[in-house]
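2 protein chains.
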Amino acid sequence: MAAGRAAGSRTTAALSELLRVPEGERLDLSAYDARATPAGPANKAEALADLARMGERLADLQERLYAASTAGDRRRVLLVLQGMDTSGKGGTVKHVIGLFNPSGCRIKAFKAPTPEEQNHPFLWRIMKALPERGEIGIFDRSHYEDVLIARVRELVPRSQLGRRYGQINRFEKSLTHDGVTVIKCFLHISNEEQRGRLLERLDRPDKHWKFNVGDIEERALWPAYQEAYEIALERCSTEAAPWFVIPADRKWYRNWAISKLLLEHLEALDPQYPKGDFDVEECRQRLLAAE
Amino acid sequence: MAAGRAAGSRTTAALSELLRVPEGERLDLSAYDARATPAGPANKAEALADLARMGERLADLQERLYAASTAGDRRRVLLVLQGMDTSGKGGTVKHVIGLFNPSGCRIKAFKAPTPEEQNHPFLWRIMKALPERGEIGIFDRSHYEDVLIARVRELVPRSQLGRRYGQINRFEKSLTHDGVTVIKCFLHISNEEQRGRLLERLDRPDKHWKFNVGDIEERALWPAYQEAYEIALERCSTEAAPWFVIPADRKWYRNWAISKLLLEHLEALDPQYPKGDFDVEECRQRLLAAE
Numbered sequence: 001m002a003a004g005r006a007a008g009s010r011t012t013a014a015l016s017e018l019l020r021v022p023e024g025e026r027l028d029l030s031a032y033d034a035r036a037t038p039a040g041p042a043n044k045a046e047a048l049a050d051l052a053r054m055g056e057r058l059a060d061l062q063e064r065l066y067a068a069s070t071a072g073d074r075r076r077v078l079l080v081l082q083g084m085d086t087s088g089k090g091g092t093v094k095h096v097i098g099l100f101n102p103s104g105c106r107i108k109a110f111k112a113p114t115p116e117e118q119n120h121p122f123l124w125r126i127m128k129a130l131p132e133r134g135e136i137g138i139f140d141r142s143h144y145e146d147v148l149i150a151r152v153r154e155l156v157p158r159s160q161l162g163r164r165y166g167q168i169n170r171f172e173k174s175l176t177h178d179g180v181t182v183i184k185c186f187l188h189i190s191n192e193e194q195r196g197r198l199l200e201r202l203d204r205p206d207k208h209w210k211f212n213v214g215d216i217e218e219r220a221l222w223p224a225y226q227e228a229y230e231i232a233l234e235r236c237s238t239e240a241a242p243w244f245v246i247p248a249d250r251k252w253y254r255n256w257a258i259s260k261l262l263l264e265h266l267e268a269l270d271p272q273y274p275k276g277d278f279d280v281e282e283c284r285q286r287l288l289a290a291e
Numbered sequence: 001m002a003a004g005r006a007a008g009s010r011t012t013a014a015l016s017e018l019l020r021v022p023e024g025e026r027l028d029l030s031a032y033d034a035r036a037t038p039a040g041p042a043n044k045a046e047a048l049a050d051l052a053r054m055g056e057r058l059a060d061l062q063e064r065l066y067a068a069s070t071a072g073d074r075r076r077v078l079l080v081l082q083g084m085d086t087s088g089k090g091g092t093v094k095h096v097i098g099l100f101n102p103s104g105c106r107i108k109a110f111k112a113p114t115p116e117e118q119n120h121p122f123l124w125r126i127m128k129a130l131p132e133r134g135e136i137g138i139f140d141r142s143h144y145e146d147v148l149i150a151r152v153r154e155l156v157p158r159s160q161l162g163r164r165y166g167q168i169n170r171f172e173k174s175l176t177h178d179g180v181t182v183i184k185c186f187l188h189i190s191n192e193e194q195r196g197r198l199l200e201r202l203d204r205p206d207k208h209w210k211f212n213v214g215d216i217e218e219r220a221l222w223p224a225y226q227e228a229y230e231i232a233l234e235r236c237s238t239e240a241a242p243w244f245v246i247p248a249d250r251k252w253y254r255n256w257a258i259s260k261l262l263l264e265h266l267e268a269l270d271p272q273y274p275k276g277d278f279d280v281e282e283c284r285q286r287l288l289a290a291e
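So the protein sequences, as listed, match chains A and B.
Those letters in the first sequence? Residues 1 to 291, per the UniProt record's numbering, in order.
Those letters in the second sequence? Residues 1 to 291, per the UniProt record's numbering, in order.
Check the hints yourself; a few may be wrong.
Treat identical chains as interchangeable: a pair holds within one or across any two.
Simulated pairs of lysine-lysine, BS3-like, Cα-Cα distance not exceeding 25 Å [what the hints assert, rightly or not]:
no., residue 1, residue 2
1, 275, 207
2, 108, 128
3, 275, 111
4, 210, 275
5, 111, 94
6, 275, 94
7, 108, 251
8, 210, 108
9, 94, 210
10, 111, 128
It is worth saying that the hints were derived from the structure and are not from the lab.
Please read these numbers as outputs of a predicted model, since none were measured by experiment.
Go ahead and model the full structure; you've got the sequences and the hints to work with.
Pasting the structure below:
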C-alpha cells in the first residue's frame, strides 16, 4: 500500500539526467544550443509518433496517481514552466498537458501580481495554487518571476532579492517532503527564434491578440534576462528540485522532451491502484439482490 | 468589435432544441429513453469520427473566445454536469473537455460541503468556482446538489428547500447578464445501466478505487432521486438557463451529444479574434532594426 509514501522521488532516468542543470556549477546559457535535439527523435514525424505513444502511458500513470490519492497517497507532481516571451509555455500546456485527463490537472498562469498579492510575501500566491494530492500541477510562470523580472527591473532591493533564492530552495524542499515531485523546465529559445516568432504574430491577424508592444521593450533586455536566468538556475537547481534546460527552438522537440521528463518522473513514482476496503462478493450480491 | 457584448446568448440550433427541457411543463423522466439516439450518429464509429471533426472546431472556437476576452469581451461558458452515480460526469470531462486547450478550462468537482462551506449560503462555493471571461467552466456536480441530495436526505427544512429553486433561477439569470452562457446537462441513465456499471467496477480491480459501499445505499433511493431531478429540471429550466436531458446509457452518444451542444452554443456566440491596437508595420520595423 502506497499510502505511507510521502516524499517526492527523484529519477535517474536518461533524459532527466541529460537535461538537468548540475548543482553548484557556473551556468552559461550561451553554451546551450536552443536548436539541439540531444536525445530521442531526430525529426518531427518521429517525435509526434512517440508523443502519441507516450500520451497513453502518461494518462494511465496520471489515473493511477489520482486513484492512489483516494487511499491516502499524498504524492503529486508540479511542473514549472519558465522562459522568455514566445518560448512556448502556453504551447506546452496545450500539447503536453492536453495528453492528460483535464480533471486531474491544476493549471495556474501567473501574471503581474495583483495589489492583494503584493500585500503578501511573494510565495503566498504560489502556495494557494499548489496541486492537491493525486494531481498534476502546472505553473505557467511561477515564483521565479520574483527573481527574474524582479532582478532585471529592480523591483526590490538587491538584499531582498538575494534572500529569495534561499527562500525558494527551502520552500521547494518542503514541498518534496510533502510528496510533491517538482519538475522545473526552462524553455530555452534563441534570440533569433524569438524575433521570428514575434514577427509571425505580427504577420497573422489571428495572432495579434498574443502580441504586446511591451514585448519589444522586454526583448531589448534580453542579455539581462539571460543573466537573471543563469543565476536563478545556478542557485536553485537542487537535489530536491532540479532545473532542466529544454532546447525549445523546435516546438516538436520541446513537446517531446517535456513529455518524456514527465514520463520518467511518473514512472519513478510508480503509483498503484489501491486495493478496495470492501468485500467484493458481498457487494456484488447486494447489487444483484435489490430490484 | 465584440467587447460590448455581455449577455450569454441562447441558441436555437437543432440538438439544443431537441434535448431542451420545456419551460413550465410537468417532467416525467421515465418517459425518456436513456438508450435513445434522437439525432446525429447511429453508431459508435460514426460518433467517434464526428467527435474528432468537432474537436478541431471546438478548440478553434475556444481560442477565439479566449482571444476576445483579452480585448474586453466578457462572455464565457459554464457547463453544468449532473447525474446519478456512474452516469458519466467524469467520463464527459475526460472525453469532451479533453478536446479543448486545458489552459482555458476551469474545472470544479463539488464534493460534500466542507465545514467552511457549510458556514456560508449554498451558492457561496459556487460563486468562487465560476469561470472567468473567455474561459469554459465545467461543474462536475453543482448547486443542484442543494436541491437533490438535500431533498432526498432531508438535509434542510422543506421551506428552505422550496426557496432554493427561485434563488437558483435568479442566480443563473444574473450570470447570463454578466456574459455567461449556462449549459446544464442531466446525464440520464437507466437503473439497469447503473447496476451494470457498478458491477463492472467490482469486477475490475483497477476500478475498485471508484467504488464506494455508500453507492449501493444511494442506489436504493433511486426513485426519490428521480423525483428530485424531475422537480429541479421542471422548476429550473428557464429561458436564461435551460436544462438538457442527455441520453447517457451509451457513452459514445453522451459524449457526442454534449460536444454537439457545446458546439451549437459556441457557434451562436461566434467569438472573434480582436483587432490589435498597435501599428503592425511600426512594430515590424522595430523588431527588424534591433540587433
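Hint check:
Taking the shortest Cα distances, residue 275 and residue 207 sit within 25 Å of each other only across copies (10 Å), while inside one copy they are farther apart (49 Å). For the homomeric pair residue 108 and residue 128, the shortest alpha-carbon distances inside one copy (10 Å) and between copies (16 Å) are both at most 25 Å. Taking the closest pair of Cα atoms, residue 275 and residue 111 come within 25 Å of each other only across two copies (22 Å); inside a single copy the shortest separation is 42 Å, beyond that limit. Within a single copy, residue 210 and residue 275 get their C-alpha atoms only as close as 47 Å, which misses the 25 Å cut-off; across copies the closest is 11 Å, which meets it.
Within a single copy, residue 111 and residue 94 get their C-alpha atoms as close as 18 Å, which meets the 25 Å cut-off; across copies the closest is 28 Å, which misses it. When the C-alpha separation of residue 275 and residue 94 is checked against a cutoff of 25 Å, the pair qualifies only between copies, where the shortest distance is 23 Å, while the shortest distance within a copy is 34 Å. Taking identical chains as interchangeable, the C-alpha atoms of residue 108 and residue 251 lie at most 25 Å apart only when both belong to the same chain, with a minimum of 21 Å there against 31 Å between chains. In this assembly of identical chains, the alpha carbons of residue 210 and residue 108 lie at most 25 Å apart only when taken from the same copy (18 Å versus 27 Å across copies).
When the C-alpha separation of residue 94 and residue 210 is checked against a cutoff of 25 Å, the pair qualifies only within one copy, where the shortest distance is 15 Å, while the shortest distance between copies is 28 Å. Taking the shortest alpha-carbon separations for residue 111 and residue 128, both the intra-copy value of 14 Å and the inter-copy value of 19 Å come in at or below 25 Å.
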